[in-house]
Each structure stands twice: as structure tokens, then as C-alpha cells.
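Which chain is which? The protein sequence lines are A and B, in order. Here the first sequence stands for residues 0 to 347, numbered as in numbering that gives the first Met the number 0. Here the second sequence stands for residues 0 to 347, numbered as in numbering that gives the first Met the number 0.
By construction, these hints were calculated from the structure, which means they are not laboratory data. On a predicted model such as this, the values are computed, not experimentally measured, just so you know. One or more hints might be untrue.
Residues on chain A that point at chain B, a partial pick, calculated with CB under 10 Å [said to hold, decoys possible]:
id, residue
1, Ser10
2, Gln63
3, Gln89
4, His109
5, Gly141
6, Val144
7, Ser248
8, Ala251
9, Asp258
10, Ala265
11, Gln270
12, Val318
13, Asn321
14, Asp324
Using C-beta positions, here's what the derived DEER-type ranges look like [claimed, not checked]:
id, chain 1, residue 1, chain 2, residue 2, range
15, B, His205, A, Gln325, 39 to 49 Å
16, A, Pro339, B, Val126, 31 to 41 Å
17, B, Glu193, A, Gly201, 56 to 66 Å
Note that the Cβ used here is the ideal one computed from N, Cα and C, for glycine as well.
Chain by chain, the residues:
2 protein chains.
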Amino acid sequence: MMDIHALETPSVLIDLDRMERNIQRMQEHCDGLGIKFRPHTKTHKIPDIARMQLEAGAVGIACQKVSEAEIFAAEGINDIQLPYNIVGPQKTARLADLALYNRVAVSADHPDVIAGLSEAAKANGLVLRVLVDLVTDIERTGAPVDQVVGLAEKIDRDEHLHFAGLLVYPSNLVMRPVIQEALDRFDRAGFGVETVSGGGSGAALHAHEVPELTELRVGTYVFNDWSSVGKGWVSLDDCAMTVLATVVSRPAETRAILDSGSKTLAADRFQDGHGHILEYPDARIYQLNEEHAYVDLSLCDARPRIGERVQVVPVHTCVVTNLHDQIYGVRGETVEVIWPVAARGKVW
Amino acid sequence: MMDIHALETPSVLIDLDRMERNIQRMQEHCDGLGIKFRPHTKTHKIPDIARMQLEAGAVGIACQKVSEAEIFAAEGINDIQLPYNIVGPQKTARLADLALYNRVAVSADHPDVIAGLSEAAKANGLVLRVLVDLVTDIERTGAPVDQVVGLAEKIDRDEHLHFAGLLVYPSNLVMRPVIQEALDRFDRAGFGVETVSGGGSGAALHAHEVPELTELRVGTYVFNDWSSVGKGWVSLDDCAMTVLATVVSRPAETRAILDSGSKTLAADRFQDGHGHILEYPDARIYQLNEEHAYVDLSLCDARPRIGERVQVVPVHTCVVTNLHDQIYGVRGETVEVIWPVAARGKVW
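Chain A extracted, bound-state conformation (with noise of 0.2 Å):
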């Protein structure tokens, strides 16, 4: 068994416990709500995580593209739900073969990417569930909620789809009153709307004040991260990704650069640092370069030495996972696993 003190720097590492309690955790809040639970495997990339979110109840996974669900559905993980518009001959031929053999769900907000499905659908001789894409007050995607039961009617008319709900991100708050609007427009227009699925970590936290919801979709909780302590959603304690990283240099007194950089760390910022070095909490990594954190001292009593070696909880876990080849499964010192990140940078 290795030690984490043998891994080359930078390495990211996973704490288990800490994992599973996550993992556990959420999955009794979705039970307590009387929810479907359904990860979203962005945050790790990988399946044998997603197979333990499975085991200890979750309904299937969410990926967010198509080469992504691909390699889970490789893996046995047979449940899959892209809540994003896939667009393009080819994505949705893959998407309609991925369906062939797998219980797959796509989401759509606009008759263009309805007959784009419809077409791949057809040519597969399948039925593809589409969920209609509610926009929210974060303006991404989605259809405007006077929209939504237009949409379920072109899905319903296709023989080759299916109208398998509403997807909302974020399912927050402020969402309640347009999702209640929605569904409300679906039951006088005679639909029947068996998914309501909401997602987003905040979100999450607020799903019992939003009972519309009948599915949740998160990502984050699996590690949590530095932005979801700033936020309150939860505690340094809960945060299961680290980054072991190595003091490089010491230029100064008060200046520590370490050996994580952007292409290490990504570059998310969370109000004035690029992450928390766990042995220096009054330290600040104010800034990266690609292979450089540049760290400001002024506010520790203990500074480190140069070779020393510290572990930065990362300001945004989903894009670290995506930036490294394979991460380490740690229990105390020791390294139980090291899990390739299979699905990592998998853009199409």
C-alpha cells in the first residue's frame, strides 16, 4: 500500500471517508425529501464513484455531454440524462445509439434541437426521452415558461420521442413561482409531467421548499470545495479533495510559490484566493500562472520552508478533476486507490 508522502506533487487526492459520508449524505436527503437522487458525474469523472452514488441509491447519473455518457454507459451505468441541448448529425446519432441500448434522456429547449433528436431517434427506429429545458434567472439555456408546453406538444406528436418531464438549473427559489407557472400550463394543456428535475448544489440545499421537484441533480457534494465552504452550503470538514502541492520557492519573506498552478488548480477564484492551504489557513494563494501559486505569508506566525509540503482544497473541484489524468483515493496517509479519470476532457 502507498504512502501519500511517495506521489510526486502536484497530485489530487480524495479522502474516502469523507467521500462516502458525502455520498451518504445526500442520499438521505433526497430520501428524506421523497426524491429521486441522480448525480451529476462532472465532479468526478469517474465510474467506480459513480457506481458507489448507485449503491447507495441514486436512480441513475446525469453526464453533460455525449462522450461522457459514453464511457459510463461502457461501464454498465446504464441510467443517463443529459440535461443539455445536443446538437448536430453526428452528436445525435451517437446520443440515439447510446439509447439503443441504454435509458437515456436529453433535454431541449427549442423545436430545432426537438427535430434534430426526432431525426436521429427515427433512424434508430427508437423513442427518445425528452425532458423541455425551463430558463432561469441565470439566463443560460432553456425556454421561456410560455414556451414550454409548445415544445411538449411537438415531442408528444413525434413518434419517435417521448415528453418525459421539466428540467430546471438551478431548481432554486426564486425558480418556484415559474416552475409552478410551468406545471401549470402542462396540466391545463392535458399533460402528465413525470419528472420535475431540478439541480444545483445551492439548490439543493432549499429542494424541500420547492416539492415540485421529483429528481435532483448534483455534482459538487461528491468532494465539495473551497467556494461551497465560502458559501455556507457546507463545512472545511466535508471537503474530500485536496491538492498535495510542494513549496517551490520562498523569494521572500512574506511569498511562497507553489508547484500548482492554473493547470494544477484551475484558475476559478473565490473571493480574494485560488484555494485554502489546509497547514497555512491565514495564508492566500492571491495568484496562479499555469505552474506557479504565488502565496502571501503576511498574516502567518509559522511560514513554510522551501521542499515542504502542503494540501490546497481547491476553489472549484469539477474542474480540477478535468485537468488530471488520475487522482488518489486516500485513507489517513495511505493511498487505498488510484482511479484514472476516465471521463476527463472528453468535450463532444
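We have chain A already, so just place chain B on it with the hints.
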């Protein structure tokens, strides 16, 4: 021969004509100044492109990590400089192994770093070439000017190390007087300085005003990017890298969503946007999520439809390369070569 229209999106395209011109031009710039050119491979991470740079006249390459250098050395590229403190017994041992069969130089800014290099060189029975890293106005790594002679002495006294010169990043005009002071100090202490290695894309343009330099390290020039254009270093026609993306949603009259989020374009921002859309120069990519680019179309007369493909000039080319398993070398609309990004994700 593959056509770019057959590619999935998002995909990273390299305009080969432009890249070849960029390689030629920077080499001619250095030749004209009578200094050596050493391209930094962090921008492309691809041995074939490094070979093109060497064939044009470069003396060797620079890599930021030992694991990157190992990739290039395995491909027969043997003159490698690491402008980085290599710290810890595992990494210095790998560096010394690399130096057994390659011409390797490394930088150091502290006696502890030098001691580690010495131990590894001794273990392999070789002499490691070490440049002294001078701190600059960006205050990253580097020793203050009054310590550079002391470090050179420590290197020079060590039978397993060779003082190989001075390293400066960036070697801009502000630094010229400091470089001169360092050289004066070396001179007074009786040290010959065989190499004064400068770096930085902006600094490269002013290299004629820093005649103390004997060698230049630049990376970005090979592809260039939207921030290079914005800073006035190059024109849009010099940008060889674009990201081919699809419009996957048109949720509002003035908003489009592309399938190239921060997992594709990287999170970097320059001024008010995350890149430049060639087909819609008045559009603005105002926000990125991992799989979504939010585009403001309010200033555009023509506006894209769902399914349309566009080419985005990214803000920072080096970080884009690191996110992709392969990139496509294109001439016109023909894909001439598919390059695996061999040194992608090498964080060690």
C-alpha cells in the same frame, strides 16, 4: 483527407500557414538580433511542432516540468532548459536521469534548491547546468540582485554543478537596469556569464532594447491568441489557433450559447470577453460555464441559428492546448494532421 466540416465540436484547429509563418518570423527576429532562440513548448506540448521550431533554427526548447521534458527527450529533442526550481528528491532524480542523455539546464533561486540539484547530480555522477533565476517586477520566483553572485558561487564551488548563466522572466525594459547590475556584480566577482536567458511574449518585441540578452524564450508566438492581439503584440491574422464550436442554444434574441465552455476555451478572460468569434466580430463571449459559452449578440446585425458552427480565437492559447487530447492542423478547410497533445496534463 478530412474536411474541417466533418470534425466534431468543440475542436481545436491550428492554421498551419499561420503557424509556419509565426515560427519563421520569431526565428528571423532572433537571428536579426544575433541571439539564440529557445521556444517554450508549454504553448503547444507537441514534439512535431518543437521539431519544426528547431528546424527553423531554434537552439533547443524550454519546458516547465520534468515530466514534459521527458516527453520531448523521448522524441529525440535533446537540448532542454527548465526555467523552474526543481524541488524534492523524486523530481531532482528524474531531472538528473534526463541529464544523463540530454543537454539539460535548470534554474534555481535559493541555496536549498541548489543543494537538492547537487545531490541528484552527484548520485548520477554528472555535472548539471544551473542558471540563476533573478526576481523581476512580476515578483514570482527569483533571487534579489544582491544574492545572484552568492548563488553562482555556491553553484561554482560544487563539482557536480556548472554555473550556466542568468535567467530572467519577463526580460522587459523595466528589468534592463537590474540585469545590468547583476552582470556588473558577476563581472566584479570574476564570473563569466555564458547565457543571459530572457523570456516573455511582450518582452520579445523589445529584445533589441535589452542587448544583454543572449537567448530568448517565448511560447505563445507559435499560435498567438486574443490577448496577444488585445495587447497590440500581433494582429488577428497572426492567430493560428481557433476553437471550432457549435451554437447549441438561442434562448433569446440577443443571446447564443456555444458548446465551448471553460473546459474547452479555459476560463481566461481578456478585457470584457472570453475570446473572439471570427464570424461574428461584434459578438461578445461574456461568461463561461464548463460546457457553455454565453454570447451577447446585441451589437450583431446578423445572428447565428442553432446548429451553426463558428470559430473562436481563445484568450490564452497555452491553457487551451492543455485541455485537449488532440488538436487539428488545418490548411484552408482541409485537416492535414491530427496531433496528440503528447505533453498535455504533465503536472509533475
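- prompt: Broken hints, numbered, in rising order?
  reply: 6 and 11
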